[in-house]
Structure formats: structure tokens, C-alpha cells
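Engineer: Single-letter residue listing:
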Amino acid sequence: MSHATTHDDHAAHDGHAAHADHGGIAKYIYVFLALCFLTTMSFFTYSQYWPWPDPAVKRLFMTAVSCTKAMLVILFFMHVKYEANWKYVLTIPASIMSVFLCLALVPDIGARMNGLFGYEGKYSPERWEHVGDRADVEAMLTASEHAAQHSEHEAEHAE
Amino acid sequence: MASIAHGHEHAAASHHGHPPKLQYHPGLPIPNGKLFMWLFLSTEIMFFAALIGVYIVIRFGAAVWPATHEVHLSEPIGAFNTFVLICSSVSVVLALEAAKRNNASGAKGWITITLLLGCVFLGVKGYEYRAKFAHGIYPWNPLSLVHEQPDVYYGSAVRARATELITQLKAEAGIATPADAAQAGASPDGAAAPGAADSENAATSSAETETGGEAAVEAASTTPPLDEAEVAERLERIQMLERLQQRSASTDRAELAALAADIMPMPLSEEAGHVEGLNDKYSWLKMPVVIPGGNMWASTYFLLTGFHAIHVVVGLIVFGIMLTMVLDAQRAGVIENVGLYWHFVDLVWIFLFPLLYLF
Numbered sequence: 471m472s473h474a475t476t477h478d479d480h481a482a483h484d485g486h487a488a489h490a491d492h493g494g495i496a497k498y499i500y501v502f503l504a505l506c507f508l509t510t511m512s513f514f515t516y517s518q519y520w521p522w523p524d525p526a527v528k529r530l531f532m533t534a535v536s537c538t539k540a541m542l543v544i545l546f547f548m549h550v551k552y553e554a555n556w557k558y559v560l561t562i563p564a565s566i567m568s569v570f571l572c573l574a575l576v577p578d579i580g581a582r583m584n585g586l587f588g589y590e591g592k593y594s595p596e597r598w599e600h601v602g603d604r605a606d607v608e609a610m611l612t613a614s615e616h617a618a619q620h621s622e623h624e625a626e627h628a629e
Numbered sequence: 430m431a432s433i434a435h436g437h438e439h440a441a442a443s444h445h446g447h448p449p450k451l452q453y454h455p456g457l458p459i460p461n462g463k464l465f466m467w468l469f470l471s472t473e474i475m476f477f478a479a480l481i482g483v484y485i486v487i488r489f490g491a492a493v494w495p496a497t498h499e500v501h502l503s504e505p506i507g508a509f510n511t512f513v514l515i516c517s518s519v520s521v522v523l524a525l526e527a528a529k530r531n532n533a534s535g536a537k538g539w540i541t542i543t544l545l546l547g548c549v550f551l552g553v554k555g556y557e558y559r560a561k562f563a564h565g566i567y568p569w570n571p572l573s574l575v576h577e578q579p580d581v582y583y584g585s586a587v588r589a590r591a592t593e594l595i596t597q598l599k600a601e602a603g604i605a606t607p608a609d610a611a612q613a614g615a616s617p618d619g620a621a622a623p624g625a626a627d628s629e630n631a632a633t634s635s636a637e638t639e640t641g642g643e644a645a646v647e648a649a650s651t652t653p654p655l656d657e658a659e660v661a662e663r664l665e666r667i668q669m670l671e672r673l674q675q676r677s678a679s680t681d682r683a684e685l686a687a688l689a690a691d692i693m694p695m696p697l698s699e700e701a702g703h704v705e706g707l708n709d710k711y712s713w714l715k716m717p718v719v720i721p722g723g724n725m726w727a728s729t730y731f732l733l734t735g736f737h738a739i740h741v742v743v744g745l746i747v748f749g750i751m752l753t754m755v756l757d758a759q760r761a762g763v764i765e766n767v768g769l770y771w772h773f774v775d776l777v778w779i780f781l782f783p784l785l786y787l788f
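In the order they appear, the protein sequences are chains A and B.
Heads up: the first sequence begins at 471 in my numbering, then just goes up one per residue.
Heads up: the second sequence begins at 430 in my numbering, then just goes up one per residue.
Warning: the hint list may mix true and false statements.
Stated by the list, open to error - Using 30 Å as the maximum straight-line C-alpha spacing, the simulated DSS-like pairs for lysine-lysine come out as follows:
#	chain 1	residue 1	chain 2	residue 2
1	A	LYS497	A	LYS551
2	B	LYS537	A	LYS557
3	B	LYS554	B	LYS710
4	A	LYS528	B	LYS554
5	B	LYS529	A	LYS551
6	A	LYS497	B	LYS537
7	A	LYS557	B	LYS463
Said to hold, decoys possible - Here chain A is said to cover these stretches of chain B; the calculated rule only asks that three of the stretch's residues, wherever they fall, bring their Cβ under 8 Å from a Cβ of chain A:
#	stretch
8	471–482
9	492–505
10	511–518
11	712–719
Stated by the list, open to error - Here's a subset of chain B near chain A, in silico, CB distances under 10 Å, partners left out:
#	residue
12	VAL522
13	MET695
14	HIS772
15	LEU787
Source of the hints: derived by calculation from the structure; they are not laboratory data.
Values in this document were obtained by computation on a predicted structure and should not be read as measured data.
By construction, the Cβ of each residue, glycine as well, lies at the ideal position given by its N, Cα and C atoms.
Work the whole structure out from these sequences, hints included.
Structural biologist: Printed below as a string of C-alpha cells:
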């Protein structure tokens with residue numbers, strides 16, 4: 471086992487030697503600024519200045535921003551950019567299994583209400599009895615609008 | 430994680446009478462600690478990818494999903510927490526750089542800053558959770574006040590809560606005998622709703638009403654007498670609650686929706702933000718509310734942020750332990766491994782923030 475320990479030590483030293491030439495505080499600061507900028511970009515979609523009302527554009531934009539941020543953290547903060555090819559052995563199988571798990575759920579759960587694969591409104595009758603639907607949202611919005619108007623009238627009368 | 434190398438050479442050597450000389454090489458060219466951390470992180474990738482993936486699938490497969498302001502989420506607070514975690518990621522890498530330069534005190538300083546930033550993150554998350562709890566949004570049923578639709582079960586739950594409060598207020602104001610209070614506490618109103626899922630809510634409310642009656646009797650016998658102004662205030666409250674009771678007896682969905690909108694209105698637009706209702710005006714009221722899709726939202730929100738918060742807590746405990754060590758160049762490997770974990774926690778939040786607050 472002493473041999474193994476020696477080689478582990480070598481590996482450790484190799485690892486640190488590899489890190490030594492890519493570090494640099496300036497690089498971390500640039501990555502930090504990029505992350506702050508990208509977070510502001512995500513938040514921009516929430517502001518009134520966001521020009522595209524279509525939620526699909528908003529979601530696509532935020533997904534792209536999140537993936538960019540994740541890449542920056544993984545590559546620079548987690549030093550994956552400077553690691554050898556072993557990084558693929560550990561990360562790619564885990565990522566593939568995660569994607570498969572989500573895809574496996576799409577037909578039964580993800581597609582039951584939005585018409586994918588020919589499914590539409592596939593809740594069970596029991597579930598429909600106790601789950602909120604579009605009609606409930608509309609009823610609540612109408613009632614909330616009336617409540618807002620009523621409180622405005624009351625405020626005017628009070629004045 | 431070692432393997433036997435140069436097998437042919439050893440075999441050839443043994444033919445010449447020399448004992449085989451084993452030489453070990455690491456399976457991967459990294460230290461054992463780092464390999465362990467990456468293996469652990471690969472399981473964590475699957476764990477959080479599954480949670481986030483399931484959230485996306487459920488969210489887009491749901492009949493309705495509440496907007497952020499309906500469930501009292503604040504986007505600026507979420508963005509602030511993202512900023513805090515990014516800062517903490519930077520402080521970890523700076524700690525690693527300091528340790529590599531054998532600057533133990535510098536490394537300890539950066540780890541302390543990371544620890545503090547993690548505490549700030551948890552504090553903000555706690556504040557957010559408190560806002561949800563204050564509005565009756567819990568991930569479990571006995572405490573949750575959320576109903577999916579303004580139906581008769583909702584009306585029944587409002588009636589049960591109003592009855593409970595009236596009993597307590599009458600006892601406080603001294604206008605009910607203990608016998609009256611007990612009778613009101615055992616009123617069948619709360620248990621009037623038969624049925625499947627929401628009957629659980631109604632049964633809970635009924636149980637609360639019964640205990641409310643007992644509490645009222647106790648309150649009447651132990652609290653000091655109120656002055657005239659306080660009694661008048663109690664009577665006003667009772668009148669308001671009786672009006673709510675009458676409205677909740679309706680079986681018309683539009684009328685029950687109007688009642689729900691008075692108790693907690695829905696924001697009329699994304700920009701409108703949270704609109705105040707009776708539950709906000711009177712913090713003691715705690716009436717059931719209607720948020721279509723709110724229960725599934727609460728389950729997924731608390732599950733995702735809860736698991737993330739647990740990971741933050743674990744990270745903070747490890748940082749706390751590290752502060753007891755001398756963080757010189759020899760400990761750079763430890764800082765790197767713990768840093769990998771912390772960056773992963775940051776990474777998860779990078780996806781959670783837009784998914785939960787902005788989608």
C-alpha cells in the first residue's frame with residue numbers, strides 16, 4: 471500500500487502543479503463580474519423594460535443565461551477546464567442518467583395536460599374534482615377585479 | 430483505486446526466477462479525496478437533476494400553476510440570494526489561492542467570509558419561508574390554508590374558522606357562558622363537508638374548532654376583564670366574522686370566489702405585485718385562501734429549496750470545522766474538495782433561481 475500512497479501523493483502534487491499555472495485572482499474576479507452581469511440579465515426579464523411579452527422567449531433567454539453561468543462556475547471555479555479527460559468519465563454518465571429520468575416522466579406526467587403525444591386533459595375524474603383549473607383562475611381574477619374596484623370606491627367615499 | 434501495471438514485464442521477470450514486482454498506479458490521475466468528492470458530486474448531479482427535472486415536468490404538466498406574486502415570492506430577494514452565493518463561491522476560490530501560497534491566515538479569513546455569506550443566504554431563505562408561513566402556505570396539510578378552488582369545501586373551511594374565532598372572541602368579551610362556548614365549539618358547521626381530498630381540511634378545521642371551544646372556555650376563565658373599547662373592538666370583529674360566515678354558506682362558485690378574493694385577492698397583472706386582502710389587514714384572521722395550483726407549487730418549492738438549504742447547512746458545518754484547522758499549503762487539497770462541493774451548491778441555485786422566481 472505504500473506504493474499506492476506514494477502514487478496518490480504524486481497525483482496530488484501533479485494536480486496542484488497543474489492548478490498552479492492557471493490560477494490567478496484576476497481571472498476569478500472577471501468570472502465573478504460575468505456572473506453578476508448574467509444574474510442581472512436574468513433579473514432583467516422580470517423588469518418592465520423586458521421587450522418581449524412572449525413567455526417562451528423569456529424562458530429560453532433565462533435558460534441560456536443559466537447554462538452560461540453554470541458553465542463559468544464549472545470551468546473556472548471548479549477548475550474543470552484544466553482537468554484531464556477523467557472529468558468526462560464522471561460527469562457525462564451522471565448527466566445522461568439525469569436526462570433519461572426526466573424524459574421517462576414526460577409521457578405520464580409532463581404530457582398529460584398539454585396535448586403532447588396526443589394526450590390532453592388526462593387527469594383522473596377524482597383529481598379534476600379537487601384540483602384548480604383555468605375556470606377557477608378566471609373566477610378568482612374576476613372576483614379580485616371587483617374587489618379592487620370596490621375598495622377604490624370605498625376610498626373615494628372616505629375622501 | 431490502484432491497478433497493476435506492466436503485467437507482461439512482471440510475467441517475463443518471473444520466468445527468469447525473480448519474484449513479480451507489483452507497481453500500483455492510480456486509476457485516475459487525481460488524489461483519492463478529490464476522486465471521492467467528484468464521485469459524490471456525480472450522485473448529487475443525478476439527485477438535483479432529478480428534482481429539478483421533475484419540477485419542470487410537473488410544472489408544465491399542471492392544469493394551472495400560480496404566478497410568483499400569488500404565492501408571495503419576491504424576485505429581488507431571490508436575485509439578492511443569487512448574488513450572495515456567487516460572492517461565497519469567489520471567496521472559496523480565493524481561500525484556495527491563499528492556501529496554495531501558504532497564507533494560512535488569509536485562507537482562514539476567506540473561509541470565514543464564505544461562512545458568513547452562507548449564513549446570510551440561510552437567513553434570507555428563512556425570511557422568505559416566514560412570509561409563506563404567514564400567508565398559510567405550508568407544504569403539508571394540517572397547517573396549510575391553501576385551497577385549490579372556491580368550492581363548497583372552501584366555504585365550509587371558512588365557516589369553521591369563523592366559528593372558531595367567534596367562539597374565542599365571545600369568550601374574551603365575556604358575552605358567552607362556558608356552556609355556549611363549548612356548544613359553539615362542537616358546532617357541526619366545520620364537519621359539514623363530506624368527500625375525498627378537501628374533507629381532510631374540513632375535518633382538521635372541525636378538530637380545531639373543538640379545541641377552539643375548549644380554549645375559549647379556558648380563556649374566559651383566566652384572562653382579565655376587558656375595558657369598554659376592547660369589548661367594542663371584539664364585537665366589531667364578531668360582526669365581520671358573522672358576515673363572512675353568511676357568505677361562506679353560499680353554494681355559488683362566483684360568490685365563493687368573491688369571498689376568497691376579499692380574503693386574499695389574486696394579483697391582476699404581473700406588475701401589480703401582492704394585493705392586500707382581509708388576511709393581510711387582520712393578521713389574526715388566518716382564513717383559508719384559494720390559490721389554484723398552490724398546493725403542488727408549495728410541495729415542489731419547499732422540496733427543492735429545502736434540499737438545497739440542507740446542502741448549504743452541511744457546507745457551513747464543514748466550513749466551521751475547517752476554521753479549527755491551520756489552512757496552509759498542506760490543506761489546499763481539503764479546501765479544493767470542500768470548494769468543489771460549495772460550487773456545486775451554488776450551481777444548483779443558479780438553476781433554481783430562474784425556475785422558481787422568474788419562469
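Engineer: Taking only the CA atoms, is the gap from A/LYS557 to B/LYS463 under or equal to 30 Å?
Structural biologist: holds, 11 Å
Engineer: When I compare C-beta atoms, does the stretch 492–505 of chain B have three or more residues closer than 8 Å to chain A?
Structural biologist: holds (count 4)
Engineer: For the pair supplied as a hint, B/LYS554 and B/LYS710, is the alpha-carbon distance within the 30 Å limit?
Structural biologist: holds, 24 Å
Engineer: Do the numbers back the hint for B/VAL522, that is, is its least Cβ distance to chain A under 10 Å?
Structural biologist: Since the shortest Cβ distance to chain A is 5 Å, the answer is holds.
Engineer: Check, residue by residue, whether the stretch 712–719 of chain B contains three or more positions whose beta-carbon lies closer than 8 Å to a beta-carbon of chain A, and give the verdict.
Structural biologist: violated (count 1)
Engineer: How about the stretch 511–518 of chain B: do at least three of its residues have a C-beta closer than 8 Å to a C-beta of chain A?
Structural biologist: holds (count 5)
Engineer: With chain A as the partner, please determine if B/HIS772 meets the hint condition of a C-beta pair closer than 10 Å.
Structural biologist: holds, 5 Å
Engineer: Under the criterion that the straight-line Cα-Cα distance not exceed 30 Å, is the pair A/LYS497, B/LYS537 satisfied?
Structural biologist: holds, 21 Å
Engineer: For the pair supplied as a hint, B/LYS529 and A/LYS551, confirm whether the alpha-carbon distance does not exceed 30 Å.
Structural biologist: holds, 19 Å
Engineer: Taken at face value, is the distance from the CA of A/LYS557 to the CA of B/LYS537 at most 30 Å?
Structural biologist: Distance of about 29 Å is within 30 Å: holds.
Engineer: Go through the hint on B/MET695 and say holds or violated, using the shortest Cβ distance to chain A against 10 Å.
Structural biologist: Because about 5 Å separates B/MET695 from the closest Cβ in chain A, which is inside the 10 Å limit, the hint holds.
Engineer: So is the stretch 471–482 of chain B in contact with chain A by the C-beta rule, three or more residues under 8 Å, or is the coverage claim wrong?
Structural biologist: Check passed, 7 qualifying residues.
Hint 11 from the earlier list is the only one contradicted by this structure; the remaining hints agree with it.
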